[in-house]
Each structure stands twice: as C-alpha cells, then as structure tokens.
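S.K.: Letter 226 of the sequence shown, counting from 1, is numbered 213 in my numbering, and no numbers are missing.
Hints in this document: simulated from the structure, not taken from any laboratory.
Glycine is no exception: its CB is placed at the ideal position from the N, C-alpha and C atoms.
Some hints could be false.
As the list claims (entries may be wrong) - Here are the in silico distance ranges between beta carbons for each label pair: (1) G218 with S115: 31 to 39 Å; (2) E113 with G157: 15 to 23 Å; (3) R316 with R291: 35 to 43 Å; (4) R286 with H117: 43 to 51 Å; (5) P171 with S115: 20 to 28 Å.
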Amino acid sequence: MAAPWRAAWAAVMVMAAAAAASAKECTNIPTQLSSHTVRARLQAFPGAEEWRLRELFHDHLNPTDEAAWMDLMPPPRGGLRAAAGGHDHEEFDWAVLYRSLKGQLPGGGGGASPASAAAAGPFLEEVSLHDVRLDPDGDAAYGRAQRTNLEYLLLLDPDRLVWSFRTQAGLPAPGEPYGGWEGPDVELRGHFVGHYLSAAAKMWASTGNATLAGRMSAVVGALRECQRAAGTGYLSAFPAEFFDRFEAVRPVWAPYYTVHKIMQGLLDQHVVAGDGRALGMVAAMADYFAGRVRNVIRRYSVERHWASLNEETGGMNDVLYQLYTITVRSAFFSFLLESLHQRFRSTF
C-alpha cells in the first residue's frame, strides 16, 4: 500500500501546488500567495519537469499590483465614497487615502487642484532613522516591538550566520550552521543573512546599540573574506553551479532572489550603517553577475536570457537601481536594463 499511497499524495501535492507554484512566474497571481516549500518539493517529484513546462510558464501580467489585490478583497464595508468628479463608487479607506496623498483624487482631493497640491509641497517627508528614537523604557506598542526585534537580532550568532558562506569559500567555519532555510542543504541558504544585514543596519540606526554594531560589522567582515577567497566578486552561501542551472532554464530554487537579499543587505550596511567596505562588495557582485548575464546573451540569445527571468529575479532591478544612483556607474545601469524582463523593459 506504500507505493499507491505515495502516488496519491504526490498527485494531491501537484494539484494543490498548481496555483501557488505558478505564482513564481511572471503571472497575475500575487506572489505572496505562493509557497517556496511547495515549490521545492514539487521539483523533487518524478515527472515534475514535464508538468512545470506545461503549467508554470504563464507570461501574462496585470497592469498593476493593485488590480490583483483589489480582485482578492471582499466587498467594501463603509468605505469612503469618492463622489467628486462624478465618481459614485465606494472605495476602501486606504485606497482613497493613498490616492489623496499621491494627488490622484479628482480635483486634487478636497477641491484642491493638482497644481496647488504640488505647490504646497509633499504631504509626508521621510525622516532618517538616525533622527528618531523611541522611549526604550516606555510601554508603548512601538517601543515594545522595537525591543523585541533588537533582542531577537542579538540572539543571532555571526559565526552561525556565515557558516555556509565560509564553507562555500573553502574557509574554516567554526560553530554550527542554522537550520531551516539557512540549512547547509537548502538551495535558499544565505538569503536570511541578507535580511539580517538590512534589519541590523536599520535597528542600529534606530537605537545605536553598540553590541549589534559589532556583530553586524563582524558579519560584513566575514563575508568580505569569503568574497576575496573566491577572487571573482562572487559571494553566496551556495556554489555558482546554481546559476549554471538557472541560465540553462533547469530546475533550481531561486538563486537571484537569494543574491538580491545579500546585495540589499550589504547596500543597507553602507547607506544606513556607514560601513565603507560594503559598497565595494556589492559593486563586485554586480560586476560578476553582469558578466554572467552578458555571457548568456552572447552564447545563446537575449530571448534565452528573458526565459530565465520568468523566475524570482525582480529584486535585482531594485538593488541595481540603488547601486547606480550611489555610484553613477553606467555599467550598473546597463546591467539594470539587461535584468529587466522584456515585458517590463518595453514599458520602461
């Protein structure tokens, strides 16, 4: 009975994963509804490649993310009525608020014209985290949340965070690796470290905690050693072979998703935490991956490159744009354009 039971369970998994897994592609299903875990298990299922080719490559897009999310929301209850300009349909409060802040309500919102709204200046201005402090001893919800976040970040051990990076680089790796998605056999290992670097930079800017500053600096230093050991600019907790599979449009989890998190974490360490080492590390990573992309285009075609971009690669556009605005290196802007899927590029 074991074999039929496994076959039945596998069939259920395939059907249950259909909508979720397809959301990893360039599709109109919001990516938040999909599951990395189901996707990984699906790839290990015998015959999954045929199903993947048949079901997963849906390249249609909605005009905006909002269109997809609004379709998922229940009918509004007590929403604000956008009566100005003849609009008599109800909208969600947050949608009206967002449009008013952007100056997109008919008549500029409250009868003000777009021109007068622009002349009045921005409704909200971003404030640096360095200039805001929450009461460390207060009982307000935000203060408690910040303390909880800081306590969690201080629980994380730098050696354990970089264990897979050091192992990949052939360096001594003291301690034990973390488990879960950072496990040494998981194809997404390393992405949590990127999240850590971003969170730690912003928490340090918000609190000035010296212990956290020392630990995140140690992580950046360890990653720098790993990158130098590679000698090519490559930096990841998994081998470059993952990108060979990605470029061949063969099953691999999400290598550019992971690399984006690492690059963004390092960039936040530079911009928010002022770590002068981190910018050069991100630039070296960008140069390395730009070379890989151009090699694919040269050896095969730009269409082959676009086929690989049907996976989770969109974050690269964001971090490359940030990198370009900081360095003003035209090579990074060229890489940004090459990293855009053809459908986004034509719109861009």
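S.K.: Now look at each hint and say whether the structure bears it out.
M.R.: A quick look at each hint next to the structure:
With their beta carbons about 37 Å apart, G218 and S115 fall inside the hinted range of 31 to 39 Å. Roughly 42 Å separates the CB atoms of E113 and G157, a value that falls outside the hinted 15 to 23 Å. At about 26 Å, the CB distance of R316 to R291 disagrees with the hint of 35 to 43 Å. The hinted range of 43 to 51 Å is satisfied by R286 and H117, whose Cβ atoms lie roughly 47 Å apart.
The supplied range of 20 to 28 Å is broken by P171 and S115, whose beta-carbon atoms lie about 38 Å from each other.
Checked against the numbered hints given earlier, this structure breaks hints 2, 3, 5; the rest are met.
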